[in-house]
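Colleague: So the chains spell out like this:
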Amino acid sequence: MFETRLKVVLGVLAIALVVIVGRLVELQVVDAEHYRRRAEAVLLLEPKALPFVRGRILDRFGKLLASDEPSWDVCVDYHTLAPGPQNQDVSPELRDEIDDMWSDIVRFSGLTRAELDERVQGIVDRVQRIRAAVKQRRGFDDRVREETMGHAVLTDLDDQEQVAARLVLGHYPWVSIEDSTQRVYHDATSLGHVLGRMGLVDADTVRDDPRADDPLARYLPDETTGLTGVEKAAESILRGRRGLRRLNREGEVVEEIAPQAGRDVELTLRYDLQDRLYALLDRELRSRPQSSGGAIVVLDIATREVLALVSYPAYDPNRFQEDYSALLSDTRRLPLRFRAVANHYAPGSIVKPLTCLAGLATGRIGLHETILCTGYLYPDRPDMRPRCWLIHGTDQRKAHGDVDVVTGLEGSCNVFVARVGERVGGNDLTNFFDMFGLGEFSGTGLPEETRGINPTPDWLARRNIAVTPGRVRNFSIGQDQVEITPVQAANMVAVYASGVYKPVTLIRGLRDENPEWILPARPEHWQAIHEGLYRVVNSPSGTAYKYARWQEAGYVLCGKTGSATTNPWPVSYRIPYVDADGREDTAVVLAGSHGQAVKEFLHQHPDAAFDPKRVEVFERWPTGPPPEGGRHAHAWFVAYLQKVDAAGNPLWNRVPRVAFAVLVEFGGSGGRTSGPIARQVAHILVDALGPELDPDWPPATESVG
Amino acid sequence: MKRPVHDLTHPGWVIAGAVAILCLVGLACIYATESAGDGWASHTTKQMIFLVGSVLVSVIVLSTGYLRVSRYAYALFIAALILLVPLAVAKALHFEFGGLIPCRRGSYRWIRLPGFQLQPSEFVKVAYILALAWYLRYRRNYRTFAGMLVPFVLSIVPLALIVTEPDLGTVILMLPVPFVMLFVAGAKKRHLLLVVAAGFVCAPLLWTKIEGYQRMRIVGLVLQSESLRSRVIADPESYRFLCTQRQASTWPKESGLQLLRSKAALGSGGLLGQGWGHGTYVRYNFLPDRHNDMVFALVGHQWGLAGCLLVLACYAVIVVAGVEIASETAEPFGRLLAVGVVALISAQAIINVGMTVGLMPITGMTLPFVSYGGSSLLANFLAIGLLISVSQHRPFLLAKKPFEYGAAEDE
Numbered sequence: 001m002f003e004t005r006l007k008v009v010l011g012v013l014a015i016a017l018v019v020i021v022g023r024l025v026e027l028q029v030v031d032a033e034h035y036r037r038r039a040e041a042v043l044l045l046e047p048k049a050l051p052f053v054r055g056r057i058l059d060r061f062g063k064l065l066a067s068d069e070p071s072w073d074v075c076v077d078y079h080t081l082a083p084g085p086q087n088q089d090v091s092p093e094l095r096d097e098i099d100d101m102w103s104d105i106v107r108f109s110g111l112t113r114a115e116l117d118e119r120v121q122g123i124v125d126r127v128q129r130i131r132a133a134v135k136q137r138r139g140f141d142d143r144v145r146e147e148t149m150g151h152a153v154l155t156d157l158d159d160q161e162q163v164a165a166r167l168v169l170g171h172y173p174w175v176s177i178e179d180s181t182q183r184v185y186h187d188a189t190s191l192g193h194v195l196g197r198m199g200l201v202d203a204d205t206v207r208d209d210p211r212a213d214d215p216l217a218r219y220l221p222d223e224t225t226g227l228t229g230v231e232k233a234a235e236s237i238l239r240g241r242r243g244l245r246r247l248n249r250e251g252e253v254v255e256e257i258a259p260q261a262g263r264d265v266e267l268t269l270r271y272d273l274q275d276r277l278y279a280l281l282d283r284e285l286r287s288r289p290q291s292s293g294g295a296i297v298v299l300d301i302a303t304r305e306v307l308a309l310v311s312y313p314a315y316d317p318n319r320f321q322e323d324y325s326a327l328l329s330d331t332r333r334l335p336l337r338f339r340a341v342a343n344h345y346a347p348g349s350i351v352k353p354l355t356c357l358a359g360l361a362t363g364r365i366g367l368h369e370t371i372l373c374t375g376y377l378y379p380d381r382p383d384m385r386p387r388c389w390l391i392h393g394t395d396q397r398k399a400h401g402d403v404d405v406v407t408g409l410e411g412s413c414n415v416f417v418a419r420v421g422e423r424v425g426g427n428d429l430t431n432f433f434d435m436f437g438l439g440e441f442s443g444t445g446l447p448e449e450t451r452g453i454n455p456t457p458d459w460l461a462r463r464n465i466a467v468t469p470g471r472v473r474n475f476s477i478g479q480d481q482v483e484i485t486p487v488q489a490a491n492m493v494a495v496y497a498s499g500v501y502k503p504v505t506l507i508r509g510l511r512d513e514n515p516e517w518i519l520p521a522r523p524e525h526w527q528a529i530h531e532g533l534y535r536v537v538n539s540p541s542g543t544a545y546k547y548a549r550w551q552e553a554g555y556v557l558c559g560k561t562g563s564a565t566t567n568p569w570p571v572s573y574r575i576p577y578v579d580a581d582g583r584e585d586t587a588v589v590l591a592g593s594h595g596q597a598v599k600e601f602l603h604q605h606p607d608a609a610f611d612p613k614r615v616e617v618f619e620r621w622p623t624g625p626p627p628e629g630g631r632h633a634h635a636w637f638v639a640y641l642q643k644v645d646a647a648g649n650p651l652w653n654r655v656p657r658v659a660f661a662v663l664v665e666f667g668g669s670g671g672r673t674s675g676p677i678a679r680q681v682a683h684i685l686v687d688a689l690g691p692e693l694d695p696d697w698p699p700a701t702e703s704v705g
Numbered sequence: 001m002k003r004p005v006h007d008l009t010h011p012g013w014v015i016a017g018a019v020a021i022l023c024l025v026g027l028a029c030i031y032a033t034e035s036a037g038d039g040w041a042s043h044t045t046k047q048m049i050f051l052v053g054s055v056l057v058s059v060i061v062l063s064t065g066y067l068r069v070s071r072y073a074y075a076l077f078i079a080a081l082i083l084l085v086p087l088a089v090a091k092a093l094h095f096e097f098g099g100l101i102p103c104r105r106g107s108y109r110w111i112r113l114p115g116f117q118l119q120p121s122e123f124v125k126v127a128y129i130l131a132l133a134w135y136l137r138y139r140r141n142y143r144t145f146a147g148m149l150v151p152f153v154l155s156i157v158p159l160a161l162i163v164t165e166p167d168l169g170t171v172i173l174m175l176p177v178p179f180v181m182l183f184v185a186g187a188k189k190r191h192l193l194l195v196v197a198a199g200f201v202c203a204p205l206l207w208t209k210i211e212g213y214q215r216m217r218i219v220g221l222v223l224q225s226e227s228l229r230s231r232v233i234a235d236p237e238s239y240r241f242l243c244t245q246r247q248a249s250t251w252p253k254e255s256g257l258q259l260l261r262s263k264a265a266l267g268s269g270g271l272l273g274q275g276w277g278h279g280t281y282v283r284y285n286f287l288p289d290r291h292n293d294m295v296f297a298l299v300g301h302q303w304g305l306a307g308c309l310l311v312l313a314c315y316a317v318i319v320v321a322g323v324e325i326a327s328e329t330a331e332p333f334g335r336l337l338a339v340g341v342v343a344l345i346s347a348q349a350i351i352n353v354g355m356t357v358g359l360m361p362i363t364g365m366t367l368p369f370v371s372y373g374g375s376s377l378l379a380n381f382l383a384i385g386l387l388i389s390v391s392q393h394r395p396f397l398l399a400k401k402p403f404e405y406g407a408a409e410d411e
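Sequence order for the protein chains is F and U. Residue numbering for the first sequence follows our numbering, beginning at 1 and increasing consecutively. Residue numbering for the second sequence follows our numbering, beginning at 1 and increasing consecutively.
Source of the hints: derived by calculation from the structure; they are not laboratory data. Don't take every hint at face value.
As the list claims (entries may be wrong) - From chain F, some residues computed to sit far from chain U (all C-beta separations above 12 angstroms): (1) E33; (2) R60; (3) S236; (4) R249.
Unchecked claim - Partial selection, computed: residues in chain U whose CB lies under 10 angstroms from chain F: (5) H94; (6) A203; (7) C308.
Idealized CB from N, CA, C, for every residue including glycine.
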């Protein structure tokens with residue numbers, strides 16, 4: 001029996017042997033090739049992304065405005081950054097060493113520990129958001145690749161700094177100094193808003209990434225993207241595609257895909273012009289402490305290319321990070337506002353030519369029909385507005401008297417234009433506003449751009465605002481709800497000059513189609529408008545005669561003044577609150593809007609309780625009445641340069657080449673404040689553009705035949 | 001058919017030859033992993049020192065004779081058990097006794113001595129065989145169900161201690177060895193079947209008691225199938241009893257990594273292998289535990305199917321020679337001892353190779369004589385020394401051959 005049972009044991013062992021040998025044959029003979037490939041695949045290292053160079057931004061003559069320059073980043077492994085469970089087990093020695101590293105980084109970078117912690121937390125938050133997104137996509141939670149990578153803690157080190165960083169931080173095994181690029185803006189303070197800036201991609205951008213399917217093109221959490229200005233508007237052109245290099249452990253390159261640089265973007269701007277106009281506005285506004293800012297926009301009328309887009313005050317985009325808090329807290333000048341395209345203001349009298357053209361085109365006012373201006377809409381109701389701007393007190397002798405379209409524009413007669421507007425009616429008037437591009441994006445493509453407000457009957461109805469004749473009269477002279485951005489104002493005057501509407505172009509190659517239309521008016525209507533605009537500046541009774549009269553190199557300035565009355569802006573808010581200990585107190589925070597005030601307050605007093613409804617404006621700018629009396633007003637001047645003959649008479653059949661708009665916030669009278677600036681703009685244009693200003697330029701080549 | 005000791009076909013020499021080949025293969029593998037690096041071949045050196053020590057110990061056992069050793073069977077068993085106690089205490093208190101009992105990957109299996117880490121569970125195996133054989137040698141009561149109680153207690157005490165370390169590999173090993181010994185000693189089939197049945201009944205209970213990573217090692221056997229994994233990922237609800245969706249999708253990177261790599265190492269060896277010191281898995285340390293638990297994968301990687309068959313053949317030789325020793329020995333204790341040693345060596349080899357090729361769950365089990373490790377080497381040499389000793393001492397017995405129960409008695 002012992003022998004038998006031994007044989008049974010032997011038999012069982014033999015069976016086991018046969019099974020094992022069978023399995024070995026399967027692995028080593030049948031599937032040998034498969035496993036051989038697997039063994040080689042193990043040698044591959046994680047592919048390394050090769051950074052691409054972002055496209056440059058150039059002006060219309062190729063002047064370099066923004067470019068990627070080589071730089072270095074200090075990266076720290078995610079394991080060291082994140083206080084995850086994997087860090088619970090680390091030895092005290094290692095923990096001390098990690099703390100030493102943070103101290104070294106603080107000393108090296110000059111950041112405070114709190115700033116650094118905030119930055120690190122930002123990285124961790126981003127990675128965890130990615131993890132959450134991946135979890136949602138896959139249906140279960142798992143570690144994502146970003147949790148095994150190094151992340152840039154310090155960026156944009158130059159050559160010397162990177163050497164120093166290697167000395168100070170290089171010995172930590174979890175720190176690496178990686179090649180990178182740095183966005184550099186070249187002498188671009190005057191273009192600060194236009195060029196915009198770069199910043200880390202946010203979770204939304206990653207989620208809505210149109211190139212998410214391309215692993216080399218999609219956004220990585222550490223990547224930067226254009227956040228504002230041209231950098232954002234032209235992101236799809238500027239952004240390149242990463243390369244990839246895969247090595248195996250023997251150091252051989254197994255796979256390599258070269259990075260594709262982003263394409264350059266050419267702006268229609270002339271850098272020289274932009275810079276000189278910015279300097280001009282800087283000079284002028286420094287002597288006007290009441291004015292919080294201003295804008296100048298110059299357009300090529302034929303192509304509607306933006307030649308200059310000046311927003312004042314601006315900032316140096318290279319120093320944005322460092323200056324950010326100072327820029328943000330300047331609630332009076334609001335240097336972060338991109339006034340030229342983002343802010344909308346009541347246009348005031350600069351829409352009067354528009355109203356008159358609407359009147360002429362619709363036949364509601366005859367070409368030579370006159371309306372009597374007594375200074376008041378109704379002689380027996382002197383309190384009723386608008387009254388003529390000439391009237392101060394009750395002295396009626398200064399009124400315009402009998403006025404037609406030309407003289408109405410010349411003297412900027414409120415009564416005449418209001419009557420015309422009244423006749424045209426709200427419907428047709430806002431239709432014409434629309435035809436001139438009011439209430440629509442002007443076409444720069446900039447993310448900051450706003451539409452302004454065209455108070456169409458629909459628009460008013462949505463806000464429960466009644467369309468009354470009085471309101472239409474106000475619209476017709478550019479007051480009440482109607483609002484317009486400086487770039488829209490420039491385009492509007494370009495339509496005055498040419499009779500054709502086109503959207504403006506700032507970034508070449510961004511848009512395929514350019515819808516354009518000819519305004520429905522006859523040449524004699526336009527002639528009346530052009531004559532009116534000529535006389536505003538060049539007739540002794542014109543509103544800008546004293547301030548903007550200018551004739552140089554065969555051109556004369558034609559334009560329209562606008563003094564858009566407005567209320568001072570809030571710059572700080574008073575917030576009553578109850579603090580954590582139950583004591584009542586009041587805080588004053590600097591902020592330009594209710595929302596910003598609440599946000600800022602919560603940042604300063606996170607534990608306080610307060611009622612948002614009791615937040616009220618504490619202080620406005622400008623303080624006190626305007627120096628010239630009356631109400632505060634933004635000073636507009638819109639103009640174009642009309643070619644004249646040798647005797648100084650306008651050549652009406654030549655369409656001007658450039659149109660521009662000047663705005664000075666709280667500048668008071670458009671003529672007095674913006675007129676002299678417009679004159680200097682005209683001079684700079686003649687100087688900068690030279691022969692290109694001529695409507696006949698480039699000279700037609702003579703054909704012999 | 002008694003052969004003289006100087007006859008090289010004597011089972012003792014045959015076993016010694018097979019063991020020598022296995023040890024050389026092991027040394028070659030350990031050296032190969034170290035020659036790729038630029039450091040001093042410390043493992044190879046240590047293994048050689050262990051080898052010399054182990055051979056000396058087995059020679060001492062041989063010259064002493066297994067019968068003289070056997071008198072101390074219980075004492076040795078108790079001594080080995082006492083060595084296990086501090087490990088259980090360390091585990092229960094999560095206390096490393098000042099580094100004396102280091103915690104590795106959550107388990108407390110080693111006692112640190114100068115230059116050497118002792119793994120008591122390795123010696124428990126041998127002492128257990130001695131004790132069980134000593135207990136069973138003249139008895140017949142294990143042929144009753146109640147008589148199985150003492151062998152059961154003999155097994156359960158070390159098992160309980162080792163399970164806490166935890167060292168699932170040794171636990172798994174402690175099941176077939178007494179089973180084979182009892183079976184060969186003539187325990188009744190229905191009793192043994194009952195034990196097996198009881199084991200099956202307890203299995204689900206054990207399933208919920210063991211730790212998650214241990215469960216994943218068992219589940220890993222079926223998760224090797226890519227199609228099953230994708231089915232789990234697609235329909236996690238239906239496979240909840242198996243594992244979670246996450247576990248299935250990360251299996252190749254986490255709990256399945258070692259198995260996938262050991263299979264890749266074996267498979268990429270092909271018929272004749274990549275050659276000594278060559279191949280991805282020799283030059284780079286992708287395969288965890290490649291020089292001890294996973295050494296068989298290195299054999300297959302470097303010498304292919306041929307090398308694997310050679311190693312398996314060595315074990316077959318040891319088993320066959322061991323069985324021959326058992327059947328030629330009339331002395332009951334020696335008989336059981338020989339069977340126990342054969343069961344121990346073969347079970348270790350089968351489990352280790354089985355886990356390396358993906359037929360069994362991965363556990364901390366060394367490949368006898370091949371894997372790096374002093375305790376395992378010493379214990380296995382002790383066992384082999386006892387086995388060869390049995391073949392040399394064959395006391396003449398008047399009584400009939402033991403454990404020869406007639407069919408009638410089986411009822």
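Colleague: Against chain U, does F/S236 hold up as non-interface, every C-beta pair farther apart than 12 angstroms?
Modeller: Nearest chain U Cβ is 34 angstroms from F/S236, so the label holds.
Colleague: Should the hint that U/H94 touches chain F count as held when the rule is a Cβ pair under 10 angstroms?
Modeller: Result: violated, 13 angstroms to nearest chain F Cβ.
Colleague: Against chain U, does F/E33 hold up as non-interface, every C-beta pair farther apart than 12 angstroms?
Modeller: The claim is violated: F/E33 sits with its nearest Cβ about 9 angstroms from chain U, within 12 angstroms.
Colleague: May I ask you to check that F/R60 keeps its beta-carbon over 12 angstroms from the closest beta-carbon of chain U?
Modeller: Label holds. Min Cβ-Cβ 54 angstroms, cutoff 12 angstroms.
Colleague: Hint U/A203 vs chain F: min CB-CB distance below 10 angstroms?
Modeller: This interface hint is violated because 20 angstroms lies over the 10 angstroms limit.
Colleague: Classify the label on F/R249 as holds or violated, using whether its beta-carbon is more than 12 angstroms from each beta-carbon of chain U.
Modeller: Non-interface label fails for F/R249: nearest chain U Cβ at 6 angstroms, not farther than 12 angstroms.
Colleague: Does U/C308 hold up as a contact with chain F if the rule is Cβ-Cβ below 10 angstroms?
Modeller: The hint holds - U/C308 has a Cβ within 10 angstroms of chain F, the shortest such distance being about 5 angstroms.
In this structure, the earlier hints numbered 1, 4, 5 and 6 are contradicted, and the remaining ones agree with it.
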